[in-house]
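Asker: Here is how the chains run, residue by residue.
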Amino acid sequence: MLVIRRHPGQSLRIGEEIEIEVIESGPNRVKLGIRAPKSIPVVRSEVRLTRAENLAAARSLDAVRPEELAAVLGASRP
Amino acid sequence: MTFATSHFGTITVDAGAVIEFPEGLPGFEDRRRFLPLNHPGGTGLIFLQSLELPELCFLAVPVQALRPEYRVAMSAEDLELLGLAEDRPPELSAEINALAILSLVEGEPPTANLRSPVVIRIATRRAVQAIRPDDRYGLREPLLAEDAEAVCL
Numbered sequence: 003m004l005v006i007r008r009h010p011g012q013s014l015r016i017g018e019e020i021e022i023e024v025i026e027s028g029p030n031r032v033k034l035g036i037r038a039p040k041s042i043p044v045v046r047s048e049v050r051l052t053r054a055e056n057l058a059a060a061r062s063l064d065a066v067r068p069e070e071l072a073a074v075l076g077a078s079r080p
Numbered sequence: 004m005t006f007a008t009s010h011f012g013t014i015t016v017d018a019g020a021v022i023e024f025p026e027g028l029p030g031f032e033d034r035r036r037f038l039p040l041n042h043p044g045g046t047g048l049i050f051l052q053s054l055e056l057p058e059l060c061f062l063a064v065p066v067q068a069l070r071p072e073y074r075v076a077m078s079a080e081d082l083e084l085l086g087l088a089e090d091r092p093p094e095l096s097a098e099i100n101a102l103a104i105l106s107l108v109e110g111e112p113p114t115a116n117l118r119s120p121v122v123i124r125i126a127t128r129r130a131v132q133a134i135r136p137d138d139r140y141g142l143r144e145p146l147l148a149e150d151a152e153a154v155c156l
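Protein chains in written order, with our numbering: chain A, 3 to 80; chain B, 4 to 156.
Same shape as in the complex, but just chain B (with noise of 0.2 Å):
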């Protein structure tokens, strides 16, 4: 199967490599199927391309890159779309992924989206864009965190 994307000419879908949001993300929840690439010039970025709206793609990155010590937490109804347990959060691990949403705006410095991270499941392929209940991070983090920032300096 192929589809035409507007960022990256017509890409081949490997039907295994979708992923599935059953209820889309806040803002695009018609889009329910997205393919996730790996950007080509060994930095770890994915883009998130939908299956279903040409132009949109989402720019992402696996919240261990940007925070280390970064643990996720889910609400009960997110952890039940994806079939997991609901008494505990899951490890993140070969089986369960977390992306982070980036930001970019021409003259600003990136931002993720830490307070809201994709979490797949990789076994079934399905995802779910899980907003933290708590507030340990927020919408549009640096992309670096401050206090390796003040080690830096």
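Okay, chain A solo, but in the shape it has when bound (with noise of 0.2 Å):
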């Protein structure tokens, strides 16, 4: 992975299209600024996690019948 240093008001370029810049710098996080064409998304990478979960947990109900779920879920519950 690429490692650069950069301070608060200072940007960093990715291609011709997307412009990184650091807006504010605290003791635990960092505030960034992205500009970037339309055509790429930009997501924090959990959003993305859950998004693909999400889009999984969305098929529960083709596995398993509403009626079979008592029966499916009590085996593994507390």
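Where hints are given, some of them may not hold.
[Said to hold, decoys possible] Restraint-style ranges between C-beta atoms, simulated for each label pair:
{"no.": "1", "chain 1": "A", "residue 1": "Gly17", "chain 2": "B", "residue 2": "Arg91", "range": "39 to 47 Å"}
{"no.": "2", "chain 1": "B", "residue 1": "Ala97", "chain 2": "A", "residue 2": "Gln12", "range": "47 to 55 Å"}
{"no.": "3", "chain 1": "A", "residue 1": "Gly17", "chain 2": "B", "residue 2": "Ala76", "range": "18 to 26 Å"}
{"no.": "4", "chain 1": "B", "residue 1": "Phe11", "chain 2": "A", "residue 2": "Glu23", "range": "47 to 55 Å"}
{"no.": "5", "chain 1": "B", "residue 1": "Ser9", "chain 2": "A", "residue 2": "Val49", "range": "21 to 29 Å"}
Keep in mind that the hints were calculated from the coordinates and are not lab data.
Predicted model, so just to flag it, every value in this text is computed and none were measured.
Glycine included, C-beta positions come from ideal geometry on N, C-alpha and C.
Please dock the two separately framed chains into a single complex, following the hints provided.
Answerer: See the structure below:
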């Protein structure tokens, strides 16, 4: 992984179209500004993981019919 | 008002029971209105039925049912979406509910998303899927806590 040190107010570019600016830096988090074309989605990594999990979870009722849930979950519920 | 669902047929929608996600859920950003339905078997399960997409229905369970010690942790942005004070996490109560979305895959044990629970503010019927800023819980947790299993063994 490429590591670059930046001060607040400084920025960096990825290719011609993406610019990332460090707006503010605190003791345990930084505030970033991102300028990118609309065609490039910018999402926090954890949102991406939650998105994938939601897409999988949305198929749960295709895997198990509502009337079978009690039996399926009963075995693994506290 | 009624709504034709894929899994439950046509259901009657009590407008006061509808919960609204101002920003949808990741992967379903355009789906804002859901109706929580209790599983009739007294299992504590809750169906989160979309009122915009007939086939979209999540299966969920209150986080405390899985992890009695569970405490909510939310980002400032998510607290603001629910109109809650940004300087402290809300306590689970009759006012604030948190539901873990379950994932069932045939042939695999069911898992619960305790990393990003659906947090509902009952008074306003607003909800957000709040991704925890910490990594205390995962996206695919077994329904039974690991330490609880150890006791059983």
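Asker: Could you run down the list of hints and mark each one as holding or not?
Answerer: Results for each hint:
no. : hint                          : in the structure
1   : A:Gly17 x B:Arg91: 39 to 47 Å : holds, 42 Å
2   : B:Ala97 x A:Gln12: 47 to 55 Å : holds, 49 Å
3   : A:Gly17 x B:Ala76: 18 to 26 Å : violated, 36 Å
4   : B:Phe11 x A:Glu23: 47 to 55 Å : holds, 49 Å
5   : B:Ser9 x A:Val49: 21 to 29 Å  : holds, 27 Å
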